[in-house]
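Two chains, two frames, some hints: make the complex.
Going line by line, the protein sequences match chains E and U. Quick note, the numbering used here runs 13 ahead of the 1-based positions in the first sequence. Quick note, the numbering used here runs 11 ahead of the 1-based positions in the second sequence.
For the record, the hints were derived by calculation from the structure and aren't laboratory data. A virtual CB, placed ideally from N, CA and C, is assigned to each residue, including glycine. Among the hints, erroneous ones may be present.
Keeping only pairs whose Cα atoms sit at most 30 Å apart, straight-line, the calculated BS3-like set for lysine-lysine is [stated by the list, open to error]:
# : chain 1 : residue 1 : chain 2 : residue 2
1 : U       : Lys382    : E       : Lys15
2 : E       : Lys69     : U       : Lys52
3 : E       : Lys117    : U       : Lys177
4 : E       : Lys107    : U       : Lys334
5 : U       : Lys76     : U       : Lys334
If you want the footprint, here are the derived chain U segments under chain E, 3+ residues with CB under 8 Å [to be verified]:
# : region
6 : 30-41
7 : 301-311
As a plain string of letters, each chain reads:
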Amino acid sequence: MKLEFKIIADLIEKNTRVLDVGCGDGTLMEFLRDNKKIDVRGIEISQNNVQKCIGKGLTVIEGDAEKDLSQFPDASFDFVILSQTLQAFLNPEKVISELLRVGKKAIVTIPNFGYWKVRLHLLIKGTMPITRTLPDEWFNTPNIHMCTIKDFFNFCYSRKINLYKSIALQNLKSSEINKSNLKFKNLSAVLGIFLIEK
Amino acid sequence: MNKNVKFKTITIDKPLKLDCGETINNFNLAYETYGILNEKKDNAILVFHALTGDQFVSGINPITKKDGWWSYAVGPDKAIDTNKYFIICANVIGGCMGSFGPSDTDPKTNKVYGTNFPVITINDMVNAQFNLLNFFNIQKLFAVMGGSMGGMQVLQFVSNFPDKAKIAIPIACTSSHSAQNIAFNELGRQSIMADSNWLNGDYSNQNNNPDKGLSVARMAAHITYLSKNGLQEKFGRKLQERDDLKFSFDADFQIESYLRYQGSVFVDRFDANSYLYITRAMDYFDLAKKYNGNLSKAFEKTKTRFLVVSFTSDWLYPTSENKEIVIALNAIGADVGFVEIDSDKGHDSFLLNVPKFLETLKGYINTSYLKN
Chain E
14 MKLEFKIIAD LIEKNTRVLD VGCGDGTLME FLRDNKKIDV RGIEISQNNV QKCIGKGLTV
74 IEGDAEKDLS QFPDASFDFV ILSQTLQAFL NPEKVISELL RVGKKAIVTI PNFGYWKVRL
134 HLLIKGTMPI TRTLPDEWFN TPNIHMCTIK DFFNFCYSRK INLYKSIALQ NLKSSEINKS
194 NLKFKNLSAV LGIFLIEK
Chain U
12 MNKNVKFKTI TIDKPLKLDC GETINNFNLA YETYGILNEK KDNAILVFHA LTGDQFVSGI
72 NPITKKDGWW SYAVGPDKAI DTNKYFIICA NVIGGCMGSF GPSDTDPKTN KVYGTNFPVI
132 TINDMVNAQF NLLNFFNIQK LFAVMGGSMG GMQVLQFVSN FPDKAKIAIP IACTSSHSAQ
192 NIAFNELGRQ SIMADSNWLN GDYSNQNNNP DKGLSVARMA AHITYLSKNG LQEKFGRKLQ
252 ERDDLKFSFD ADFQIESYLR YQGSVFVDRF DANSYLYITR AMDYFDLAKK YNGNLSKAFE
312 KTKTRFLVVS FTSDWLYPTS ENKEIVIALN AIGADVGFVE IDSDKGHDSF LLNVPKFLET
372 LKGYINTSYL KN
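Chain U on its own, in the form it takes in the complex (with noise of 0.2 Å):
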């Protein structure tokens, strides 16, 4: 998977033990940056990404040509403007574009990891990626971000390391996967295992992957991250180039044409075995069960502003598990703000143009920066 490409990696050589009890050594993480780390090196922001995301936040990403998955965001003069910030991103562990994950290679086998990967958490990939503030010799963040699974990985990471970041923005996130998202991540593990090409997840020697698994979890998780208004405004029951009814299984509709698009283009970038340990990770995530279902202890000594925000459409992380962020952080006196945008883009629509949403990013971006 993506092995013509050469991404920025560095080797942590600092072992790191993982929650599974395994350590790990000498592993890769896959990074970008944007922007330039001023001398104070008080500018940096590390944005997390989400499940199917990667380290290519803007500009243009090598393995799929296309926009960086935060490109409305991050750039110059936008939202995080690059001009004024010095952005970090790297590909978690788990993932499939350079860092640390199932198909890489077992040094001690010889084989490709597969199955055999350890199961990683939403809190081994945050303590991996913290070394990246050593790497760039960074001593606190100016701001930690991310949605979906990012803003997971934004609030295990203040909750691990509460004075390295000024400000914390958890976006369209959770602090406890509930049983509709499990349900919603099995559905697509069951897919891939379902495909007869997985083979246990020992699929990399074959000529075939299981892409077909790997769609249809895709397409399935796909239909999660939109709205019902949104996707009735955009598709309707418009039909695919054709006058009427083909009275067959073909895509008549355009919506479904729209889904086995975006299945199929899935499949030429992500690994599906990496897509199993991902949704795991988040699966697991339950940043209060630590502390016996007091998330208020999660972030008890954190001095870091936050400011969440959730969207009216997004149903697979709602406002109401938002604002049980925003609670838990008002009940221990902590700076949090929170604003519900509307928007019908569903769960996506942080990572569209919602310009309400950029907006409100941007100015408490820059007043939080001057701010001391």
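Next comes chain E alone, as it looks inside the complex (with noise of 0.2 Å):
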């Protein structure tokens, strides 16, 4: 399982109910129920992931978490899992005031777009950049809202959103982001990870 998995999963607490938005094919949810006792829960987009967690008997729902959070009750879990999809939603600013209303906390990871290759590129090349975790060209990227780890910083800042934690992944390592550091860790980290709460 990737390093960014390893954090999240860190950041949950034992027997409690979590619900993970785009889970995907569902590994991170098999950790989190195998290891972890969690009671855990998924919406995903894509039909052939949501059949493949069916299959592994994972409680999954096939929706779009723009529209389909609206069902679930205030606070109905202790965790909302958010990994590396906000950038592709229309209304990203909705959809993590979604997550913090139908979750106690939320955890969020965003791709880096201050991480220094990114910025380079479009430095040196003049070109939308191009990565391992924004492997997409301009035209076909999911990816409509990127923002870097200081917009995020900036973001719960101005919204009044409590950031628990604030976590910095570069490639096989990872280190806390405080205010001190962050201009730094906005260079040098490729993801962010952010426990939130309102």
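Now the structure itself:
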């Protein structure tokens, strides 16, 4: 399992209720279910992935997080996970507020557009950056709302969202982000992982 | 109807109060089982059949001499594996395959019930079949499942008996019959009633049954089970064993011939009055009615895990109606999965060889059985 999922799993307490938004083929869900006794549910837009998840006995509903989160009651989950999909939504702000309505806490991960390779690509080549975490061309990328770790920090600050924990991921290393190292982490991290609370 | 075949039946001696107010006693339920009930009795699956289905889920149906209605799904190593699970299916009350129905003789009058048979509901069907648990000495079923009207029974079962099934799989169904559903059923009933042989349901002593009416009812219903694309692909404007149009009202087109055939074989195995009663039960189905329209309340007490399945080309019980069940269950934090399967085979997809559906079903059932 990839490091991102291990870090997410470590942020989640045992015997809790978790919703994985955009759960893909259910890899993280399976890990949480089997290792942490977590009552985990998923929502996934791809029919193919939903079939895979259900075939594994996971509780997943086929749906679009932008519309279908509304069916869950307030605070019905201890944690809601959104892994690397925030940037693909039409209205990320609304999605974040839904995550924080449905979950007592939310774990959001974002590919960092402030990563130095991304910046350098645009600076030197003058074309839209393509990296391992952002492999698509500008015309076919699902990522329509890219942001940096710093952007997400500012967003949480302006919306009075409590940043419980911020973790920077750089290849196989993870480190905590705080106000004093934000500038540096925004340059060095490939991925940002945030535990947030309203 | 079907008097020559001996069905496996149990007689329910516990009185059952029907929704219409009448109470029935000592009534028969005809059933079939597949696989073996294990010692722990935790591998039983109760399958509910659809409008024109019966207890012969798999294997050869002794009446039609064809494969059972869910042969693609139920059998050794299939999605519902008879090597692992004990599958029970009973003919619904109101039916014509050995369970208490309108072609039975009323002991009070010594005449066939016909339309003197009480109007039954999905709730009545489920309550009648609940007696099977007692009969097989099963505390809790592993699963309840079924498509179409079978799915409605699944929903009703969990609502009535919230702790009697570990998992529930309602497929291609609805929690409330829509105006369009009722309209199509009414078309079928009026077609039967318009047949001069129907005689207000009192045709059992006559030489002729209302076959024409029943056959037209089946033809109309059959169209609703398929999709426009599916029909177009299979039949298009292809002609039936002829090179050109005959300028007559013969079955020029293959689709006409196909529908006529479907109608004609149906009357050999189905009773017209049963068709009236069962379609009526479906029309009366509205699970949320008792709870002032709040469907979630119907499932409030349950710990049963649900998997709701719909099909893209099903316009009779479309995805939107299946999703309403999912939404109601999520609103109370119930354990519910949902998938819409891509298929151009229409409502009938659940009965047919749709590999994506069968694989998903198999995985879900097998992993759920192992999970505590």
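Hint numbers contradicted by this structure | Those not satisfied are hints 5, 6 and 7.
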